[in-house]
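According to the UniProt record's numbering, the stretch in the sequence shown is residues 1 to 320, in order.
You may find that some hints are simply not true.
To be verified - The calculated lysine-lysine pairs, modelled on PhoX-like cross-linking and capped at a C-alpha distance of 25 Å, are: (1) K275 - K248; (2) K231 - K248; (3) K231 - K319; (4) K201 - K98; (5) K35 - K88; (6) K98 - K160; (7) K98 - K157; (8) K231 - K216; (9) K26 - K88; (10) K157 - K231; (11) K136 - K3; (12) K319 - K259; (13) K201 - K231; (14) K216 - K157.
For the record, the hints were derived by calculation from the structure and aren't laboratory data.
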Amino acid sequence: MVKIAIAGGSGNVAQEVTDALVATRKHEILLLTRKATTELASNNIIPNVTWITTDYDDRDGLFEILQGVDTVLSFIVAHSDPGNAAQKNLIGASVRAKVRRFAPSEWATSSFEHLPWYAGKAEIREYLAELNKDSKVLEYTLFQPGQFTDYLCYPYKTSKHVHPFQTQIDFDARRAIVLEGSENARITLITAKDLANVVAKAVEYEGEWPVVGGIKGDELTIGEIIALGEKVRGGPFTVERLKAEDLKAGAVKSSWLPKIDHPSLSPVEIETMAKEFLSGMLLGISAGVLRVSDEWNRLLPDYMFTGAEEFLTEAWEGKP
C-alpha cells in the first residue's frame, strides 16, 4: 500500500482526487490541512485516510509527517500562500524525507499570460526547475487539465466536491462575453471526475512522470462551445464582443460580469476581482492559455474521457 500525502486536503479539487484514490483501495492517504481536524475527521470517516492539522511554517514538523510518503499532491491555494512559503517548505520537506514524487499546486492551465492571479504557480514552476537544474532531486509533474466542463453547468453542481462558478459563457442565462475575433480560440475541457481518475492512475503509473503533465479531456473553440450551448439549451445565446484595446486599457464594457464565487475567495475578493478576471480570461484564451497538451493521454491511452457534448447534454437535460 503506497502512502500519499495531499496538502490542502480540504479543498474541493483535492477532495475529488482523494475520492478517486480511495476508490482504488490501494493507498494510505494523509490529508494535510491548516484547519482543526476534529470536525473534518468526524464528518469524513474514510478507510485508510488520516486528517492531519499542519503548520506549513514548521519545516521539521512537515519532515516528520512525510516520513514514508511516496507521493505528495499539493493543492495549496497560490493566492493564499504569500511568497509561496508554504509550498516551498513542503517541497523542501519532501526532498528531505526522500519523497519519490511531487505534484505542485497547478490544476489549471499551460500558460499564465494575462492571468496575474496565477503568478504563484509560475514561481513554483521556476523553483522546481531550478531544484532539478543539475540533477534530478525530485520527480514532479505539472498536472494541467485546462477548464472544468463542470463550470459550464453553473449554477448546477455536477460533481461531489467541485464548486461550480459562473464563467463568461453562461449556459444558464444563454449568454456569453467573448473577445472580438476570438471565436476560433481553443479551450481544453475536462470533467472533474476525469481529472481525479487520471491523477489516481498517474499515481500508479510505473514510468517516470513527465514534467509537463497536460490532460486533454476534450477541446473546442469558443464558437463551438457557444453553438453547443445553444444546442443543449434549445435557443440562441446573446453574445457580447469586447475589444482587446479596451480590455488592455482597463475598460470592461460588458453589460454583466461573471460571478467567480470560488470557495477560496472572500466576498470582497469576488467583487474586486470580477473585471480583472473577465479581462484576463478573454485576453488569455485568445493567447491560448486554456489550451493544454496531452502528455497523460498518451501515457494512459486506455482511459476513455467524457466528451463535452455528452456531459453537457446529460447535465442540462430537463433544466429550465
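Here is what the structure says about each hint:
1. K275 - K248: Holds, at about 12 Å.
2. K231 - K248: 33 Å, violated
3. K231 - K319: 13 Å, holds
4. K201 - K98: 22 Å, holds
5. K35 - K88: Judged against 25 Å, a Cα distance of about 20 Å means the pair holds.
6. K98 - K160: 33 Å, violated
7. K98 - K157: Distance of about 39 Å is beyond 25 Å: violated.
8. K231 - K216: 23 Å, holds
9. K26 - K88: With a Cα-Cα distance of about 28 Å, the restraint between K26 and K88 is violated, given a limit of 25 Å.
10. K157 - K231: 20 Å, holds
11. K136 - K3: Holds. K136 to K3 sits at ~22 Å (cutoff 25 Å).
12. K319 - K259: Holds, because 20 Å separates the two Cα atoms, which is no more than 25 Å.
13. K201 - K231: Outside the cut-off at roughly 34 Å; violated.
14. K216 - K157: 22 Å, holds
Checked against the numbered hints given earlier, the structure breaks hints 2, 6, 7, 9, 13 and satisfies all the rest.
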